[in-house]
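Number of protein chains: 2
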Amino acid sequence: MKSLVIVSHPAIDTSLNQQFFKEAMNGTNATWHHLEEMYPDGQIDLALELQLLKEHDRIIFQFPFYWYSAPAHLKLWQDTVLEHASLELRGKELGIVLTTGVAEKEYQSGGKEEYTISEFLRPYQRIANKLMMSFLPPYVMSQFMYQSKEKKWERLIAYQQYLTLKEKPTLANRIDWFIAQMRANDTLKSIGEPMQEYVIDYLEKAKEDIEDLTFTLRELKE
Amino acid sequence: MKSLVIVSHPAIDTSLNQQFFKEAMNGTNATWHHLEEMYPDGQIDLALELQLLKEHDRIIFQFPFYWYSAPAHLKLWQDTVLEHASLELRGKELGIVLTTGVAEKEYQSGGKEEYTISEFLRPYQRIANKLMMSFLPPYVMSQFMYQSKEKKWERLIAYQQYLTLKEKPTLANRIDWFIAQMRANDTLKSIGEPMQEYVIDYLEKAKEDIEDLTFTLRELKE
Numbered sequence: 000m001k002s003l004v005i006v007s008h009p010a011i012d013t014s015l016n017q018q019f020f021k022e023a024m025n026g027t028n029a030t031w032h033h034l035e036e037m038y039p040d041g042q043i044d045l046a047l048e049l050q051l052l053k054e055h056d057r058i059i060f061q062f063p064f065y066w067y068s069a070p071a072h073l074k075l076w077q078d079t080v081l082e083h084a085s086l087e088l089r090g091k092e093l094g095i096v097l098t099t100g101v102a103e104k105e106y107q108s109g110g111k112e113e114y115t116i117s118e119f120l121r122p123y124q125r126i127a128n129k130l131m132m133s134f135l136p137p138y139v140m141s142q143f144m145y146q147s148k149e150k151k152w153e154r155l156i157a158y159q160q161y162l163t164l165k166e167k168p169t170l171a172n173r174i175d176w177f178i179a180q181m182r183a184n185d186t187l188k189s190i191g192e193p194m195q196e197y198v199i200d201y202l203e204k205a206k207e208d209i210e211d212l213t214f215t216l217r218e219l220k221e
Numbered sequence: 000m001k002s003l004v005i006v007s008h009p010a011i012d013t014s015l016n017q018q019f020f021k022e023a024m025n026g027t028n029a030t031w032h033h034l035e036e037m038y039p040d041g042q043i044d045l046a047l048e049l050q051l052l053k054e055h056d057r058i059i060f061q062f063p064f065y066w067y068s069a070p071a072h073l074k075l076w077q078d079t080v081l082e083h084a085s086l087e088l089r090g091k092e093l094g095i096v097l098t099t100g101v102a103e104k105e106y107q108s109g110g111k112e113e114y115t116i117s118e119f120l121r122p123y124q125r126i127a128n129k130l131m132m133s134f135l136p137p138y139v140m141s142q143f144m145y146q147s148k149e150k151k152w153e154r155l156i157a158y159q160q161y162l163t164l165k166e167k168p169t170l171a172n173r174i175d176w177f178i179a180q181m182r183a184n185d186t187l188k189s190i191g192e193p194m195q196e197y198v199i200d201y202l203e204k205a206k207e208d209i210e211d212l213t214f215t216l217r218e219l220k221e
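So the protein lines, in turn, are chains A and B. For the first sequence, position 102 matches number 101 in numbering that gives the first Met the number 0, and the numbering has no gaps at all. For the second sequence, position 67 matches number 66 in numbering that gives the first Met the number 0, and the numbering has no gaps at all.
None of these hints come from the bench; they were simulated from the model. Note that the structure is a prediction, hence the values are computed from the model and not measured. For glycine and all other residues, C-beta sits at the position ideal for the given N, C-alpha and C. Incorrect hints may have been included.
Stated by the list, open to error - One side of the interface only, derived from the structure: several residues of chain A facing chain B at Cβ under 8 Å:
no. : residue
1   : G41
2   : K74
3   : L75
4   : L81
5   : E113
6   : Y114
7   : P122
If we strip away everything but chain A, and leave its shape as in the complex, we get (with noise of 0.2 Å):
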């Protein structure tokens, strides 16, 4: 499984969402692919773009909410790419890795946003049902530097496992990929942080919740 991060930003430089998630992505096999920085003249390679999309298994548009959708750098690449592209995503995950500078749940009927997010992103998911691709939930990042270390170290777990784990993983497959994380490489330590406390809380939590689950199955069955 192998994720395309195409990631749209014109002042990347100053986004820390963005910085972190650059990092992030070291322990992973996913590829980056900034638009505004390989075409800041907008003339998008049409060849090299269907190529990168056949080469992985799952797309990621990675973007800031610019007006209530992605900058116009990305709707430039869709524009230009997705019309020729069915056959190259067909079968594959589309999933959205948005921030938002307003809290999460600003955006309901009432909040500041008005609307959800996912009213917001109804041309993604249509897009994805269009071209025969499974939509992936969004991973959300919203006032990323408002949040606590450990928040941020769960946020930075899930970011990776989003672009790693299966679709819909189970709790199996978290721990799964902890384990071979911990195995296979140090890269989330060498970001300047030892995880070993968060890991083994994590997992401890996780079998206290499957100790949880087979206790209540037995009750079921009595």
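Dock chain B against the given chain A, drawing on the hints supplied.
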């Protein structure tokens, strides 16, 4: 009431819809502003755009659905202009003139396009609300080439009214508009079809509607 029609279409010369709209617009005092023609290299003149917004009361985004939203050029305009335009736009109206190649009835649950046009337009609706503008119900033109001559006439009138009539027009407003059109100029006629018959028909229907309503009101009072 003066409308600014911000058109986005990368291949406008091939578009029957846009030709139709451009001719229909001649009968009004609206301003046609085609982004791809004005800014082929995407270098948008912010000062000019703000001046245009200032000089108009109703702002209309006119475009074909490209992957369920506007073409990249309009998105670029949004990303460039809107953050600087809150003063120019506050209290004004935002309309959408949308063309689709797929029949309008396919935009619903269970239809080929799955979601309603209103759902796909949420980002624009939210933009209007955020900028303290009034969001008009969209004018949707689907499968223009398949429509009868009569239907095309109806759509032409509806388009001209979308550009010129006040928000949520009453029947009386629409009749007044017709009479003014007939008296003031012969633009409609000049497009190549005598519309006398259509107008008489329309006014007669309107008269009937008014009589029906008057009758119903009288019944309710008794």
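### Query
Hey, does the P122(A) contact hint survive, CB to chain B under 8 Å?
4 Å, holds
### Query
Is the interface hint for L81(A) satisfied, with its Cβ closer than 8 Å to some Cβ of chain B?
6 Å, holds
#### Entry: Per-residue hint verdict: K74(A), partner chain B, C-beta under 8 Å
Holds: closest Cβ of chain B sits about 4 Å from K74(A), inside 8 Å.
### Message
Hint validation: G41(A) versus chain B, beta carbon distance must be below 8 Å. Holds or violated?
### Response
Nearest chain B Cβ about 6 Å off; hint holds.
### Query
Going by Cβ atoms only, is E113(A) closer than 8 Å to chain B?
6 Å, holds
### Task
Against chain B, run the beta carbon of Y114(A) and see if the smallest gap drops under 8 Å.
Nearest chain B Cβ about 5 Å off; hint holds.
### Message
Next item in the hint list is L75(A). Is there a CB on chain B closer than 8 Å to its CB?
### Response
Hint holds; L75(A) Cβ to chain B Cβ min 4 Å, cut 8 Å.
Violation of the numbered hints given earlier is absent; every hint is satisfied by the structure.
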